[in-house]
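**Student:** So the chains spell out like this:
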Amino acid sequence: MNDTITAISTTLGIGAISIIRVSGNDAIKIVNKIFKGRDLEKVNTHTINYGYIMDGNIKIDEVLVSVMRAPKTFTREDVVEINTHGGIAITNKVLELLLLNGCRLAEPGEFTKRAFLNGRIDLIEAEGVMDLINAKTEKSRKIAMNEVNGEVSKLIKDLRKNIIEILANIEVNIDYPEYEDIEEMTNKIILDNVENITLKINNILKKSEDMKIIKEGIKTIIIGSPNVGKSSILNRLLNEDKAIVTDIAGTTRDIVEGNIQIDGIILNILDTAGIRKTNDVVESIGVKKSLDLIDEADLILYVLNNNEKIIEEEKDILNKIKDKNHIIIVNKIDLEKNIDLSMLDNYILMSIKDDVGIDELRKKIKDMFNLEKINTSDFTYLSSARSISLLKKALISLDDVKKGIKENMPVDMVEIDLKKVWSTLGEIIGETYSDELIDQLFSQFCLGK
Amino acid sequence: MYEVIVVGGGHAGCEASLSCARKGHKTLLATGNIKNIADMPCNPSIGGSAKGIVVREIDALGGEMGRNADKSILQIKMLNSAKGPAVQALRAQADKITYPKNMINTLTNTSNLEIKETIVEDLIVENNVVKGIKLEDGTELKSKIVILTTGTYLKADILIGDTRKRQGPHGEKPSNHLSDKLKEYGFNIIRLKTGTPQRIDKNSIDFSKTKIEQGDDRYYTFSFDNKVYYDKDSQIPCHLIYTNEKTHKIIKDNLNKSSMYGGLSDIKGVGPRYCPSIEDKVVRFADKERHQLFLEPESIYYDDIYIQGFSTSMPYEIQEKMVHSLEGLENAKINKYGYAIEYDAIDSKQLKQTLETKIIKNLYTAGQINGTSGYEEAACQGLIAGINASLSLEKKEPLILKRNEAYIGVLIDDLVTKGVIDPYRLLTSRAEYRLLLRHDNADIRLREYGYKVGLVSQEKYDKFKEKKNQIVTLTEYLKNNKLTPKKETNEKLINVGIPEIKESMTLYNLIKRPEVKIEKLQSFLDKNYDIDVLEQVEINIKYEGYIKKAIDEANKMVDLDNKKIPEDINYDKIHNLASEAKQKLNQIRPTSIGQALRISGVNPADISLIMVYIKKEYFYESK
Chain X
281 MNDTITAIST TLGIGAISII RVSGNDAIKI VNKIFKGRDL EKVNTHTINY GYIMDGNIKI
341 DEVLVSVMRA PKTFTREDVV EINTHGGIAI TNKVLELLLL NGCRLAEPGE FTKRAFLNGR
401 IDLIEAEGVM DLINAKTEKS RKIAMNEVNG EVSKLIKDLR KNIIEILANI EVNIDYPEYE
461 DIEEMTNKII LDNVENITLK INNILKKSED MKIIKEGIKT IIIGSPNVGK SSILNRLLNE
521 DKAIVTDIAG TTRDIVEGNI QIDGIILNIL DTAGIRKTND VVESIGVKKS LDLIDEADLI
581 LYVLNNNEKI IEEEKDILNK IKDKNHIIIV NKIDLEKNID LSMLDNYILM SIKDDVGIDE
641 LRKKIKDMFN LEKINTSDFT YLSSARSISL LKKALISLDD VKKGIKENMP VDMVEIDLKK
701 VWSTLGEIIG ETYSDELIDQ LFSQFCLGK
Chain W
537 MYEVIVVGGG HAGCEASLSC ARKGHKTLLA TGNIKNIADM PCNPSIGGSA KGIVVREIDA
597 LGGEMGRNAD KSILQIKMLN SAKGPAVQAL RAQADKITYP KNMINTLTNT SNLEIKETIV
657 EDLIVENNVV KGIKLEDGTE LKSKIVILTT GTYLKADILI GDTRKRQGPH GEKPSNHLSD
717 KLKEYGFNII RLKTGTPQRI DKNSIDFSKT KIEQGDDRYY TFSFDNKVYY DKDSQIPCHL
777 IYTNEKTHKI IKDNLNKSSM YGGLSDIKGV GPRYCPSIED KVVRFADKER HQLFLEPESI
837 YYDDIYIQGF STSMPYEIQE KMVHSLEGLE NAKINKYGYA IEYDAIDSKQ LKQTLETKII
897 KNLYTAGQIN GTSGYEEAAC QGLIAGINAS LSLEKKEPLI LKRNEAYIGV LIDDLVTKGV
957 IDPYRLLTSR AEYRLLLRHD NADIRLREYG YKVGLVSQEK YDKFKEKKNQ IVTLTEYLKN
1017 NKLTPKKETN EKLINVGIPE IKESMTLYNL IKRPEVKIEK LQSFLDKNYD IDVLEQVEIN
1077 IKYEGYIKKA IDEANKMVDL DNKKIPEDIN YDKIHNLASE AKQKLNQIRP TSIGQALRIS
1137 GVNPADISLI MVYIKKEYFY ESK
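Chains X and W are the protein sequences, given in the same order. In short: position in the first sequence from 1, add 280, done, that's the numbering used here. In short: position in the second sequence from 1, add 536, done, that's the numbering used here.
Don't read these hints as lab results, they were simulated from the structure. Even glycine gets a Cβ: it sits at the ideal position worked out from N, Cα and C. Among the clues, some could well be false.
Stated by the list, open to error - DEER-style ranges, computed between Cβ atoms:
# : chain 1 : residue 1 : chain 2 : residue 2 : range
1 : X       : ILE469    : W       : ASP752    : 26 to 32 Å
2 : X       : ILE469    : W       : GLU853    : 41 to 47 Å
3 : W       : GLU1036   : X       : LYS686    : 19 to 25 Å
4 : W       : GLN1119   : X       : LYS686    : 48 to 54 Å
Okay, chain W solo, but in the shape it has when bound (with noise of 0.2 Å):
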């Protein structure tokens, strides 16, 4: 008997059953190939926009990818580094090879999990209430808790060409009948599709004529750990490449070979906007003479190179065609080629906020099964499971993070309110108080929470408690302190290139002009700070105006989200409400009033209607 039985090894997987076993509760992670633990299918990078934010948040709530990603660095770059620090984030090339490696050692080494490769094809349900898992050989696990994290397994077909074989994306088996028994249960099940392109033998590559992508010239770690374990002088770079009239021709005359295009009729799965196959990209930008490709190095124990941009469904004859007609690749080999693949998904509008489902209780489910793309939006939701299904057995309250605390707010509020049509990536624009989720700021906005929850040790959060008072001791150091224009300081400042000043004025003043940066006003300053610290209270300061007016906004959110919506509460019974709004009430039932102005079809006289019901059924005061 197990206390939570994780179905899938992928990113959802490691952090669902590292959260479980590290806060106490005896854990199985049951996978289909224990080699493919943590594996990476797809790019070789980890982080991105929104995403590497992602990661910083997993980290501060205490999980596993931020320190496991700053193992793995062959490049590293801050991404929007000229832009403000509410769009900046990290993106590392990750070594393929490291970092399943790295984290199968974590999985290992943690006490209260134990791992079984197995293939899982049904669920032990009674009541409602899931009990356990059923193996392929038919052998039952009891477990209190089940999360399911099966990634593409469901019903993964690989489609090349003409082809579809029913198989993962190394080949392997998947799970035929689980999501049929998952539809059994009373799930919407939604088929989505996505592509990867092919691997390049590095030394076919002539690099000479391709454009050199360096990593930045300084060291950044994902984890507030602040561990470097690469050498920022030896980062592996990335090339850069164009597509050609050439490649385009190949595409455009073969289009009907592609799985995609015709090569197969029995597609239904829907492919993600944002991460088009280059059969898109050419047919739905004609007027484009090309397009970005660039080349990315899977490990230092392999010589693959991954072609980011050029994801096809061609077959493999053709495939060889449009690589070769690339500049640099005219003699490149393939060592893999692109393939599509098709899989099914859970409705996640069937999820709670805990990502607990609705319809079987203690069943939770994350990463790509709720139709999220990305291993950091896999991460993430792996993680709050985990957190939430041990809290659940803890009999504490959940982890619910809100839209202005966190990007994995944003993304599980997103899944359970709006669904997903096509495969969901992060991206920043999702987030409507971007500038209150920031790169910087993950640990301030999440580690009391990790550490409450129980995954942030003692030591890690007295280290954070200190971070936050050197903060605050510092804030009013600078509002506290003024410098005069007298000889001698403007000196001072002309030396650490500061105009000089010509009133007298508060350092906090002063770090409010666009041109000074609080690191050159060290010698200003009563003691050392961290690098962090200064950091942090620069950005508040200069952009104090602004987040302000992101707090404000966020209040007005927050108010509406504390605006709860009874549970029992029956939509029927509101006569006016549009019908496509009590359709959609109906399937989502929203917790708060916050949550229900956000699902699309349900407009402000629906809630209107809404809130005086509520008013004047359960004598509800609002605040």
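Only chain X is shown next, with the shape it has when bound in the complex (with noise of 0.2 Å):
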């Protein structure tokens, strides 16, 4: 059943117009109910035709339609898209005739599942599409957009295209045991080609791993005692008023939110309550998530203050951060020296009244991430975690080829593993069938596209 589908694919409330997809074999004819203009089924493909949209005689808004029929639209469907004015009233009301129409809402994922079921996209391309969606700086688009255009499937395809090569000598080896005139692959020969291999996903892989940090950005959180000025650094870095920033001690009690960029690389803030002993409930599950969330981030910045002695608590903070990237803010430098510094050996004097220490902050995490020689890099490398873990898994199957040319294991059994890496490889580039592949892939996918 290939019925119409449809879906908001702007974020909702926010900027100028907001765009509603529809996708489905009726897509033109259920628009064309509620629009008034230009007969929208009669209409040229790939225009856009103005007009109202009208709940029977009521002008709900003006409107731009773009018509686009299959096979050349993005789920080669026949697909229109309604540009309203914005406003969560209007464009939900434009949904609501949709529905009332024949649409069914679309789940999440679905426009770029129809794409991917309808051969217009393959399974990378199919993740590249939402990283474009979701990729919030210039450098994630661009690698975004080079999954899309096929490069990373290009490197994957040349690394099953040398262990191929290999696996067909094993073949006629075997299948044609008395033909001397034909190499014999040997375990020194493959055990050559598996290192190569495996140097060139090692590459693959670091990239990709800095590539992640470009992509999703870097995990940050503020820690610290109460009232130590958390909120207020993280205002001063995001320049908008998100946390509640007063001098009551506890004010802060959820886990707050934002995204900065430093060079192009978003940090996405979470600012904590303040961490101590408390007998209220609410706060004392604040304090509980934030020392969980010491674990997960990529980067601590643990703000100490200036006019407190070091307690108890907060050494106990300062050796559970001492393994991981991590930077010591010592905040209130305005206010009176009471803090015992003998004890720290790296940290960062700040004061957010007197405008002090923030671009130290910045430069620092520049250095610590190696951010500059990051830009440099071009964008060719794996960016979603289900292809790097295949690769990972490919690595622990090139492992078990070395393992079983060591243990002086025949040919055949080497072999086993080699296809393995060659099967989980063309499972990146979607070669391979795997019943969970695609279950888990679009559950990844986000509502709208």
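With the hints in hand, could you dock these two chains into one complex?
**Tutor:** Set out below in structure tokens:
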């Protein structure tokens, strides 16, 4: 059943316009029912048409409607996009009219799923599209574009070609054992090739890890005792009043999120509830969350108060973060110094009030993650968690190949693991069928695409 | 009135008729020439890579080929003995007189089996159900089931140089009308070809200029009966020679005279890629200075030597020049010239996994008519067609072997799922799980099936059960018994050539070491075990990790194979299916998701669509 689906494909309520996308056999027919202007069923494909969305005789909004007929569309089905004047109420009303006239609300990722199922895009491209939608900076958009262009597929395909040539040679040796004029694929030759392939995969992985930072950003948390100025620092970085800042200790009970860019790299910053012993139930939940976050974070900004002595609980935290990427901030240097700095070996002195230390913090983060270097890298690397984990799986199989060779296993045993490498790499570009693969892929997609 | 009529007395026909008759069904074997029953018109050997394992599988299921081959061994070898157990296979030079003679003997001594010399020209078909056969004189013979095993005899043409003669390999009359009739019934007929080299008089060869190729210096049998009929010290050798520049020049200069290269302009048949003619080899691999040729004895009862690797369709006078250009064959006398043969086959995609045709009920086909090549490939299909014909008469579930159970399963699944373009030969690389499909464990895999369908006797089955028990007992013993690094133990180990141990370990773990052979550990075992049992246990221990991986992979496939596609599914209703996929699915009508996935042109996205559609339309719960 090729029913017609619809969804709002821009973020609701933000931006000057909203786009509502419709895809399926009846897309044009359904939109035409609520459109006043030219007859959409008669207009040329890939045209933009001016008119009104109507609820009976009532004008809902002045709109531009793009009509794109199959197959040259994203989903390879008929696609109509309605550009409305934004606003939650109007956009929702248009959506409601579409649903009333025969559309079904798209499930998360369903547009991309259709594009994939209709053979419009391969798996890597499907993931790339998702990344493109989520891309927050120019750099990550470029990576996403590269995946769509199939640059990654080419890298993987080259590796697979190398492997399939070895496999084919082994097969010939086995099926034609008495033909002496065919080169015998020995464990030694396989080992040389395997070392080379391992090197290449490791290289892709290394770059991919860097790319992960570019695309997903650096997960950063700000922790510290209550009222050391965590929220103020966050606000200074964000230049907006997202966290509630007061002088009363314990104001921030929930964890607040904000994004900043440093040299084009996203920092996802989580503000946390101040860490202290507390009897307040709500607050103690916040404290526990803060402590848990330490384990997940890529970067910890630990804030101490220049005005206070370091207490036992703070020493515990210092101990807990010492093996992680962390920066210690001694805040409130505009106030009287009561802190004993001799027990810290590396810190930034800061005063939000006097605008001291913020630039130093940015520079330190930049150095810590080598962001300058990442900036100059090229962008043809795997960037989705699924692809990266499959590459790692391929590495494990490559290790098995080497182990087999070391144990002097016959070539046909060694080949089993090499075949596994081949099929695992195939999974990355969607050339091996795996039941779970598709389910997992599409559950990751967000609504609207 | 017969229950089963088998048309054709080749390797497929023999197994098909024997299995039906042995299961108590009144069977007629109709053959064009009784003299040619179980004939080996091509090379004088049975087995080979993958094919040798098929012979073992046939034997495990209760077929005849293994036993019959054991009675006619001129020379036997284990191929790939330097590689792992998964790819080892037996190949024997089999006597071309003895093999058919023994088979005819077995057939004539089988009750319920009648043999008739005749040419079949049509089937009796009513409402798409076969009811019997029509002979060339118009006589009708009725039966409940017909199995066609006509080999290369459907519109067979022998091609030599610029001549085309309608005849079989021995100049016999082929069947001229049957394939036209099959076409009328709705079968797609494809044209295939294959070729064969010259036979040389042994006494005219100078063997001093050749390299001798001996059989292995130990006893092997194809059959699990383990009856040896040959003397290993009196095996007949083969000889290796090479083509040379002179040979290649003769071929290149006369290429246009070869039937295949312009001698005949009306060739439609597609030849086998894995077994090219010498013309093909010289043209396609022009940079090769020489090609290997094996001189293989055909029989001890006559003097023909078969030049394996030299198949050709050149005119006689060019063949003379070619043969005489070979070292050692300068004065060779050609007893029979090489030729190509073109023949009709049906599209195997029109078959079910049981080898019954989808078009006509109760009609089965097996062997070269299905587009395969090779004696072993033919025999195993004959056996499966015979078994399933019988099971259908007995109203029992059919025997369908999975790809992880037998090469036979791989072969039939390939035939019905992928179809053939050139004559299909089994290769080990066609099997995804070949570590599971070994020469040594064919009985473990298939004996149970053979017993269940009634082709394996109680006595043989009991023997097999005993073997299985011994394997379990020995494995347990090895797991439960530890060696400690005592002086006397280490001395005992060193005595049998095993390095001493430094810490205590179970015998099981000791055998995991690459250098430790279980045979050497006999003095540490609780009793004497059969060599087969020792071998089986050793392989299971040494390759445990790899076997486990193979089983895991196979289980994934089995899961997909267990996801059944409803028989009445309408692919035209699945709108987003790629049109190529839709067309293939409609043609092949796979029975499971696993099978659908193996169809070339059906991609994973199509599979997802089918699965979604099935869930939606049939409330089908996937497991």
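**Student:** Hints first: check each against the structure and report whether it holds.
**Tutor:** Now for the hints, and whether the structure bears them out:
Restraint check, ILE469(X) to ASP752(W): a C-beta distance of roughly 28 Å satisfies the suggested window 26 to 32 Å. A hinted range of 41 to 47 Å holds for the C-beta pair ILE469(X) and GLU853(W), which are about 46 Å apart. Distance hint check: the CB atoms of GLU1036(W) and LYS686(X) are about 22 Å apart, consistent with the given range 19 to 25 Å. Taken as a hint, the range 48 to 54 Å holds for the pair GLN1119(W) and LYS686(X), whose Cβ atoms sit roughly 49 Å apart.
When each numbered hint is compared with the structure, no violation occurs for any of them.
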